[in-house]
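Undergrad: These protein sequence lines are chains A and B, in that order. For the first sequence, full-length UniProt numbering begins at 1 and goes up steadily by one. For the second sequence, full-length UniProt numbering begins at 1 and goes up steadily by one.
It is worth saying that the hints were derived from the structure and are not from the lab. Keep in mind that a hint or two might mislead.
Copies of the same chain are indistinguishable here, so a pair counts whether it falls within one copy or spans any two.
Calculated cross-link-like contacts (lysine to any residue; reagent style SDA-like; alpha-carbon spacing at most 25 Å) [said to hold, decoys possible]: (1) 167 with 189; (2) 268 with 111; (3) 230 with 107; (4) 213 with 179.
All figures in this text were calculated on a predicted structure; none of them were measured in a lab.
2 protein chains.
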Amino acid sequence: MSADTVISLNLATTRPQWGFAEAVDGCLRAGITAISPWRDQIEAIGLDEAARIVKANKLQVTGVCRGGMFPGVDAADRQKRIDDNLRAIDQAAALNADCLVLVVGGLPGSSRDLPGARQQVTDGIAAMLPHAKASGVKIAIEPLHPMYAADRACVNTVDQALDICEKLGETVGVALDVYHIWWDPNLANAIARAGRMKRIFAHHICDWLVPTKDMLLDRGMMGDGVIDLKAIRKMIEEAGFHGPQEVEIFSQDNWWKRPGDEVLQVIKERVATVC
Amino acid sequence: MSADTVISLNLATTRPQWGFAEAVDGCLRAGITAISPWRDQIEAIGLDEAARIVKANKLQVTGVCRGGMFPGVDAADRQKRIDDNLRAIDQAAALNADCLVLVVGGLPGSSRDLPGARQQVTDGIAAMLPHAKASGVKIAIEPLHPMYAADRACVNTVDQALDICEKLGETVGVALDVYHIWWDPNLANAIARAGRMKRIFAHHICDWLVPTKDMLLDRGMMGDGVIDLKAIRKMIEEAGFHGPQEVEIFSQDNWWKRPGDEVLQVIKERVATVC
Numbered sequence: 001m002s003a004d005t006v007i008s009l010n011l012a013t014t015r016p017q018w019g020f021a022e023a024v025d026g027c028l029r030a031g032i033t034a035i036s037p038w039r040d041q042i043e044a045i046g047l048d049e050a051a052r053i054v055k056a057n058k059l060q061v062t063g064v065c066r067g068g069m070f071p072g073v074d075a076a077d078r079q080k081r082i083d084d085n086l087r088a089i090d091q092a093a094a095l096n097a098d099c100l101v102l103v104v105g106g107l108p109g110s111s112r113d114l115p116g117a118r119q120q121v122t123d124g125i126a127a128m129l130p131h132a133k134a135s136g137v138k139i140a141i142e143p144l145h146p147m148y149a150a151d152r153a154c155v156n157t158v159d160q161a162l163d164i165c166e167k168l169g170e171t172v173g174v175a176l177d178v179y180h181i182w183w184d185p186n187l188a189n190a191i192a193r194a195g196r197m198k199r200i201f202a203h204h205i206c207d208w209l210v211p212t213k214d215m216l217l218d219r220g221m222m223g224d225g226v227i228d229l230k231a232i233r234k235m236i237e238e239a240g241f242h243g244p245q246e247v248e249i250f251s252q253d254n255w256w257k258r259p260g261d262e263v264l265q266v267i268k269e270r271v272a273t274v275c
Numbered sequence: 001m002s003a004d005t006v007i008s009l010n011l012a013t014t015r016p017q018w019g020f021a022e023a024v025d026g027c028l029r030a031g032i033t034a035i036s037p038w039r040d041q042i043e044a045i046g047l048d049e050a051a052r053i054v055k056a057n058k059l060q061v062t063g064v065c066r067g068g069m070f071p072g073v074d075a076a077d078r079q080k081r082i083d084d085n086l087r088a089i090d091q092a093a094a095l096n097a098d099c100l101v102l103v104v105g106g107l108p109g110s111s112r113d114l115p116g117a118r119q120q121v122t123d124g125i126a127a128m129l130p131h132a133k134a135s136g137v138k139i140a141i142e143p144l145h146p147m148y149a150a151d152r153a154c155v156n157t158v159d160q161a162l163d164i165c166e167k168l169g170e171t172v173g174v175a176l177d178v179y180h181i182w183w184d185p186n187l188a189n190a191i192a193r194a195g196r197m198k199r200i201f202a203h204h205i206c207d208w209l210v211p212t213k214d215m216l217l218d219r220g221m222m223g224d225g226v227i228d229l230k231a232i233r234k235m236i237e238e239a240g241f242h243g244p245q246e247v248e249i250f251s252q253d254n255w256w257k258r259p260g261d262e263v264l265q266v267i268k269e270r271v272a273t274v275c
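Take the sequences, apply the hints, and build the full model.
TA: See the structure below:
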């Protein structure tokens, strides 16, 4: 671990163990001073109280998860989704978050029109952008692994996300999650491009297990899988991003079953050795 | 279904129901005269008998599945894998197959070196290529979905496969399986490029189910999922490939449990309506 390594805890990592306040207490016990909460966790405690806790403890909020889910079956559905994103912007602004992370959504209804869904994503971000800019909130598109293209996110590579960023301007960037992008044969070039564009807004880590038993909830702790975390970190740092490594692990059969304090200790050990 | 639509049955689609000879009988009952067998199915009946059946019934063999699996933990391991590919070439040649399909392999042993594994794939194909050329066997790299990058195939996009093809010459092309490539934001360009290179050697179809319950054995029948099969077929035909659509469905909880004749009837109906 280099001297400047900083960990952020994505609060999904301890979702079953801890609510917002408990997670912050756990982080502070572990010496972790950056978090990335989910909106349901913020809403459970209330936005004002969440903001008070962040401010009182001088926490860095590396992201708010999540906006997005733009594709809809009709205009009214799409507008409802945009409206929800406007509320997400307000939450990110209240927490002074580094960015609002977008999981952009997949195919709406029974559609098979992937190019159409992708256009709806670009249009949706464009529609929320004025309010985001006025609120000082940066937008981070998170390209998701292609196995989620149908039902979670039809933006599936870093380059594809950057193409959208180029259309929408400098306050729209990318959240680079190793789980989603590690396999990409063009990864090094794409990360370098993101750096030149100054659009890397977040760096998420976990690991890809072999075998992966569940497509959503079987992410690994860093070091337990096959991702070359040090190599990707080097790409991201050489591209100019030196923010915290945000640990985001969905693990229904393992890490979600362990005490939160234990999870944080293992995270610290692994970040110090394999990241 | 246009007048020239031809179906090939990948024999994995009826693997639990039928061996090689039974599958051929089933195909002939259904009016299907093209097949793509797996090597274990060929070996179970014997290569000579398989070749006799193919010749006696004037079957088109759209591919032999599969060579590949090149990355190894050391030089001896890699050579053993190349030797196995040489045997696969002999099998493909004996059946007069349109191509030998390669599933190229993933990370060897406990390696996290994805670029290294990819280099081993290029080197492995290069090593088998003289025997393939001498035998008149074309090699089709099948880019596999990125969710298989670790354990099955580290070639994960059409463009990445074509980059390898460019290095190795005109007898090395691609097998385009919609299941693996449908999500690719660059798909249309990549298929057009493959066409310009005259390297489309096979076209595999099935469907992507939502939800997908198993990462390997839950492929859908055409029409039951979200892939725009007609759009991809149009790309492939406009790129100059007009060979059979090869149906390859791994479906442990559905199609593998139905009578083979029923599966073939449904395939014919679906190819006539949604492909």
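Undergrad: A separate judgement is required for each hint: does it hold in the structure or not?
TA: Hints, verified against the model:
1. 167 with 189: Close inside one copy (19 Å) and across copies (20 Å); limit 25 Å.
2. 268 with 111: This pair counts as between: shortest inter-copy Cα distance 23 Å, intra-copy 43 Å.
3. 230 with 107: The answer is between: 17 Å across copies meets 25 Å, while 34 Å in one copy does not.
4. 213 with 179: both (15 Å within a copy, 19 Å between copies)
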